[in-house]
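Heads up: the protein sequence lines correspond to chains P and C, in order. Under this note's numbering, residues 3 to 281 are what the first sequence spells out, in order. Under this note's numbering, residues 3 to 281 are what the second sequence spells out, in order.
Incorrect hints may appear among the rest.
Copies of the same chain are indistinguishable here, so a pair counts whether it falls within one copy or spans any two.
What the hints assert, rightly or not - Each computed DMTMM-like pair below joins lysine to aspartate or glutamate, with the alpha-carbon atoms no more than 25 Å apart:
1) 230 / 110
2) 30 / 175
3) 30 / 165
4) 48 / 93
5) 280 / 93
6) 230 / 93
7) 30 / 163
8) 203 / 130
Keep in mind that the hints were calculated from the coordinates and are not lab data. On a predicted model such as this, the values are computed, not experimentally measured, just so you know.
Protein chains: 2
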Amino acid sequence: MSGLYEYFSARRRRCEELLAARLPSASKPPARLHAAMREACLGGGKRLRAVLAYAAAELCGAQTDAADDAACALEMIHAYSLAHDDLPAMDDDDTRRGRPACHIQFGEATAILAGSGLQALAFAMLAESDLPESRKIKMLQLLAGAVGSGGMVGGQALEMEGEGGDLTAAALETVQHKKTGALICASVQLGAAAAGCGDEKTLTALTRYGRHLGLCFQVVDDILDHGKTETANSVTVLGAKRATEKAGELRDNAVAALAGIENAHRLRGIADFVARRKK
Amino acid sequence: MSGLYEYFSARRRRCEELLAARLPSASKPPARLHAAMREACLGGGKRLRAVLAYAAAELCGAQTDAADDAACALEMIHAYSLAHDDLPAMDDDDTRRGRPACHIQFGEATAILAGSGLQALAFAMLAESDLPESRKIKMLQLLAGAVGSGGMVGGQALEMEGEGGDLTAAALETVQHKKTGALICASVQLGAAAAGCGDEKTLTALTRYGRHLGLCFQVVDDILDHGKTETANSVTVLGAKRATEKAGELRDNAVAALAGIENAHRLRGIADFVARRKK
Chain P
3 MSGLYEYFSA RRRRCEELLA ARLPSASKPP ARLHAAMREA CLGGGKRLRA
53 VLAYAAAELC GAQTDAADDA ACALEMIHAY SLAHDDLPAM DDDDTRRGRP
103 ACHIQFGEAT AILAGSGLQA LAFAMLAESD LPESRKIKML QLLAGAVGSG
153 GMVGGQALEM EGEGGDLTAA ALETVQHKKT GALICASVQL GAAAAGCGDE
203 KTLTALTRYG RHLGLCFQVV DDILDHGKTE TANSVTVLGA KRATEKAGEL
253 RDNAVAALAG IENAHRLRGI ADFVARRKK
Chain C
3 MSGLYEYFSA RRRRCEELLA ARLPSASKPP ARLHAAMREA CLGGGKRLRA
53 VLAYAAAELC GAQTDAADDA ACALEMIHAY SLAHDDLPAM DDDDTRRGRP
103 ACHIQFGEAT AILAGSGLQA LAFAMLAESD LPESRKIKML QLLAGAVGSG
153 GMVGGQALEM EGEGGDLTAA ALETVQHKKT GALICASVQL GAAAAGCGDE
203 KTLTALTRYG RHLGLCFQVV DDILDHGKTE TANSVTVLGA KRATEKAGEL
253 RDNAVAALAG IENAHRLRGI ADFVARRKK
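Let the sequences and hints guide you as you build the complete structure.
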């Protein structure tokens, strides 16, 4: 497993260096906005979405740099979603990864604008990429679909609309797939699109892998965060024992989706990492 | 001028019908989010940005439908910016166009998500357009650049960062160009891109027109809104007399930029409309 650990660290570092170079400088006006965008994006994180894009692109035979734009765009979208999630009107969290949340450091208005600016920059980066136009269009379609009202934003809204009520296991899975799973699944798909993968068997396998992995990630999140929130989650709906079993099943399903796909060892390893992670 | 009035009304209606059809139904979950997106986008407005995109595309020789996706995307971005601007943490406005603001009708969290969802949908619509890929990419580049921290979002941040302080006329113009002008200029540019215009002389003329028109729009806004806000604006910085003169000069500059461009009568008429509008 040390191979995967080194791979994960190397791609995380690569993405963080690119993000630091591509985000507007905090000394350039509007300085406060740029500082907030940098803090939201560079203040830590596993960079799981970036690593998934790199691993999927490399599985499809591309050089690492083909996935650079996708990796940065995915992390910018993820960072925007966290900056907005933490707002008083949303989850009202004062801290993020042990640091003051974006709206605590910069104020609510700047946190809102920083999130919106990061979303725009993510799309700009894909549109300005050096990749062939057909790959860029595919990546833009996948990302826009994954973050809009049919994906991440829709999942956050569904979660709010369902707050306080009882959720069936199936309804909870819909929320989790949209809220968290859609962007994680899109990470794998963007990597394949960046590589220009046109093989239907591979694309179907990667999409199935991404769907199971995204749900697995959220179920594990719910187990790790249990007690921190009142929102319906895997533990409140399924119970702790069943939630833990389900995380393992989803990991197994993600790995099984890769059967017959060559060079999938890293994605298999990432599924294991997601299922076993402790934070 | 009755020709322009009819043209403006016809294109506005066309865009509104498309928006009503393309925005997710308010009966489809997440229903509250979708209702908020529809209210933010369909609750009135001049549709100036859409009409500019249509007029520019038609000037470049395209059929009207070539600009449909650009027109809808521009209006979605504009609607998102208004829904977020009205939030308590931003301008804290309870009404918009005589109706309760989005956050009053649906709550702050839903208004934030609706704005973000509209931004994503705008990019999705361009990425999914039937136009040739090279035109789509150009449109996506222009739109992402106009709405990010170098454009609209940056202008809103600059305005906040400058609040309470004195602004020079030049600094105010920078804020106005980013906050309002960038999206208006992009509207003309997206129309030309949708038409596949590759003529440098036309593109330069349209961009100059768009820049002057965008500033003209904001100066007139400041004159019409004078007294409603404490923020530095054309009237507080230049005085009412000079602001009125400047609006006329900017209109003249916009019209002059079109010299030698054929079929520019509608854009000239729109410049007149923007300079003379009473609301």
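Hint check:
no.: 1; hint: 230 / 110; in the structure: both (23 Å within a copy, 23 Å between copies)
no.: 2; hint: 30 / 175; in the structure: between (43 Å within a copy, 17 Å between copies)
no.: 3; hint: 30 / 165; in the structure: between (41 Å within a copy, 18 Å between copies)
no.: 4; hint: 48 / 93; in the structure: within (21 Å within a copy, 35 Å between copies)
no.: 5; hint: 280 / 93; in the structure: within (22 Å within a copy, 42 Å between copies)
no.: 6; hint: 230 / 93; in the structure: within (11 Å within a copy, 33 Å between copies)
no.: 7; hint: 30 / 163; in the structure: between (40 Å within a copy, 13 Å between copies)
no.: 8; hint: 203 / 130; in the structure: between (29 Å within a copy, 23 Å between copies)
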